[in-house]
Amino acid sequence: MKLELVGVSHHRTPVEVRERVAFDPAGAARLAHELVGDGGEAVVLSTCNRTEVYAVGADAELPFREAGVEAVAYRLHDEAAALHLFRVAAGLDSMVPGEGEILGQVRQAYETGAPGPLLDRAFRQALHVGKKVRTQTAIAESPASIAAAAAALAQQVFGDLNGRRVVLIGAGKVSGQAARNLTSRGAEIAVVAGRALTAEPEALAQELAAADVVVSSTSSPGFVLSPGQIPPRKGRPLFLIDLAVPRDLDPAIHELDDCYLYDVDDLEAVVAESLAGRRAEVPRAEAMVAAEAEKFREWQASLGVVPAIASLRARAEEIRAEELARVSRRLSDEERAAVESATAQIVNKLLHLPIVRLKEAAVTADGVIYAETVRHLFGLGEEEQ
Amino acid sequence: MIELLFWPALVAYGEAAVAYAGEARRPGTFAQPAIWGVRLGWLAQTALLVVQAARADGFPWSTWAGALNLFVWLVVSAYLVWGCRPRFGLLGLAVMPVAAVLFGLAYLGGGIGERGDEPGALLALHVVLMLGAFAGLTLAAGLAALYLWHERRLKRREAKILRLRVPPLEALERLTGRTVAVSLAVLSGGIVLGLASFAVDGGGFDAAMAITFCAWAVYSGAVAARLHGRRLARATLLGFVIVMIVLPITHFA
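Heads up: the sequence lines are chains G and W, in that order. The opening position of the first sequence corresponds to residue 1 in my numbering, with each subsequent residue numbered one higher. The opening position of the second sequence corresponds to residue 1 in my numbering, with each subsequent residue numbered one higher.
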């Protein structure tokens, strides 16, 4: 059984080409089942950064051939394909090292695809190593976007964001992302303040007095919030995120006690540092992935001797059964049971060490020679010939 | 026997201190060895104190070195209760090297011996309460220092702020306040017992007592005024300076 991978990714292929072989999750699942047809295995992983077809005994080239992008597609086999899959699942092949979304996409592709024994093993290992890399290294700990950085900084102040009140001033795309990041960590959007609220100082002051986090992103040419508008905090911290350019929040707010104001530049600097931290974790993650790929290689190599082991067992069992049949007529039920048990033990004990050695040899280059030698010595498969 | 318990405790505390330093340099790598160093060291020192108490004729921690030994145990106990978690690694870095050095000093000063005297139950309890309060206040000072440092990083908008695992600002403030409140209650109890012992045994009002009252006044003021944030942290550190620097100088001089 040979594992094949054909794919295109953001590394070498521009989006104009990638989009020709892009599939939504349902389309990817359908394609996997179409590729399999009557036999074989296939899983199609299609994200905004890559489309990859993992196949065993199926035509992995087909979607790329039909889209006319076969010239730019990469092709990997067996261990190299598995290593690539593990790197993808670990987020090491992503634009942002360690990003978490890809692991879910790999899981979805696996669950909706058409895996058989080999792809099942490869994808299970990929999911395992993807999780392991994220839990045992700091590669996924730091935020990779401005919105995530804002939420992580809020946690530096408050810890648990459960029940924290967020005031949104303006509703831009980035502030929406920041709000989503905050709410996903337990915060509550208390109010979305538009022009109407900012025009009413008293209502705004009331909201700000109860707020823990302020996210601002308006298209206002000047400041919409000045230090004088912030009610005294009395020991309650206020974390302010200014995502607007030109800025919405007067920088002097940062000088107030218990107020922490971060603008776009501050957040971008935090993200840049975080990415550097992620990159520093890459060597450790690569080592984990390589170890997992080695395990997969050993497992795959052991598959080569499985038929020889099965034949050897079958041959031994056949001989035992024949000999048992010859003497069983002269034995009582009790004696027959005893002889049956004893011969089974003898066969198992005789075969145990050769089988163990055969499995050990399977993971080395000698595996095929060993398997052939066993076939030759025991005459396995000669009857069929 | 006591020596057999002292060295493992010192080695474990030292290992914890080194591991916390490593953890500060490479977060997530040495947190577990550090925490286990604290736990094992504390167990060994606890056994040491039990053996001391069992073998000594009287109260074995009335000398300055003995008191230091007990004080280290109380500090590490308080640290184990409050913050012996990976996220509080930086607090461990502040506490454990000090604990290891003080524990070594206690050994050099003969504070782990079996000699004891008979100071009376009132005075013994006074010593234990005072040391317990000082241990709590030491931990509070560590938390306050960590608060000020972390707050300054937030105010400076340091780009590397997410690289180190530090407890959230609010948690640090809350823990500092609670630790000061609990320690102040214990300190008040210790002072009352000290005054009672003073009334029974007699003696003169000395500088150590005056400075202890000063420290008590600082902490009481902070609690009564419901200080928070930077002010609470600074008051805690001021009280700690009075307790930990001025008091030993006047007490042991």
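In short, the hints are calculated from the structure, not lab data. If you're wondering where the values come from, they're calculated on a predicted model, not measured in any experiment. A hint or two may mislead.
Unchecked claim - Cut-off 27 Å, straight-line C-alpha distance, at most; resulting in silico cross-link-like pairs (DSSO-like, lysine-lysine):
(1) 234/G x 2/G
(2) 131/G x 160/W
(3) 349/G x 359/G
(4) 131/G x 234/G
(5) 132/G x 160/W
(6) 295/G x 155/W
Claimed, not checked - Chain W stretches covered by chain G per the calculated footprint, using a threshold of three residues with CB under 8 Å from any CB of chain G:
(7) 3-14
(8) 125-133
(9) 147-158
(10) 169-177
Think of the CB as a built atom: it goes at the ideal place given N, C-alpha and C, for glycine as much as any other residue.
Mind checking the alpha carbons of residue 132/G and residue 160/W for me, to see if they're no more than 27 Å apart? It holds: about 25 Å lies between the C-alpha atoms, which stays within 27 Å.
With a cut-off of 8 Å between beta carbons, are at least three residues of the stretch 3-14 of chain W near chain G? It is violated, with 0 qualifying residues against the three required.
Could you grab the alpha-carbon distance between residue 131/G and residue 160/W and see if it respects the 27 Å cut-off? 25 Å, holds
Given the proposed pairing of residue 295/G with residue 155/W, does the C-alpha separation stay at or below 27 Å? Violated, at about 48 Å.
Residue 349/G and residue 359/G: Cα distance at most 27 Å? 16 Å, holds
Examine the stretch 125-133 of chain W for residues whose CB is less than 8 Å from any CB of chain G, and state whether their number is three or more. violated (count 0)
Next pair to validate is residue 234/G with residue 2/G; report whether the Cα-Cα distance is within 27 Å. Between residue 234/G and residue 2/G the Cα gap is close to 68 Å, so the pair fails against 27 Å, i.e. violated.
Holds or violated: the stretch 147-158 of chain W covered by chain G, criterion of 3 or more residues with Cβ-Cβ distance under 8 Å? holds (count 4)
Establish whether the coverage given for the stretch 169-177 of chain W by chain G is satisfied; the threshold is a Cβ-Cβ distance below 8 Å, and no fewer than three residues must meet it. holds (count 4)
Going straight from one Cα to the other, do residue 131/G and residue 234/G come out at no more than 27 Å? Measuring from Cα to Cα gives roughly 43 Å; hence the hint is violated.
Checked against the numbered hints above, the structure breaks hints 1, 4, 6, 7, 8 and satisfies the rest.
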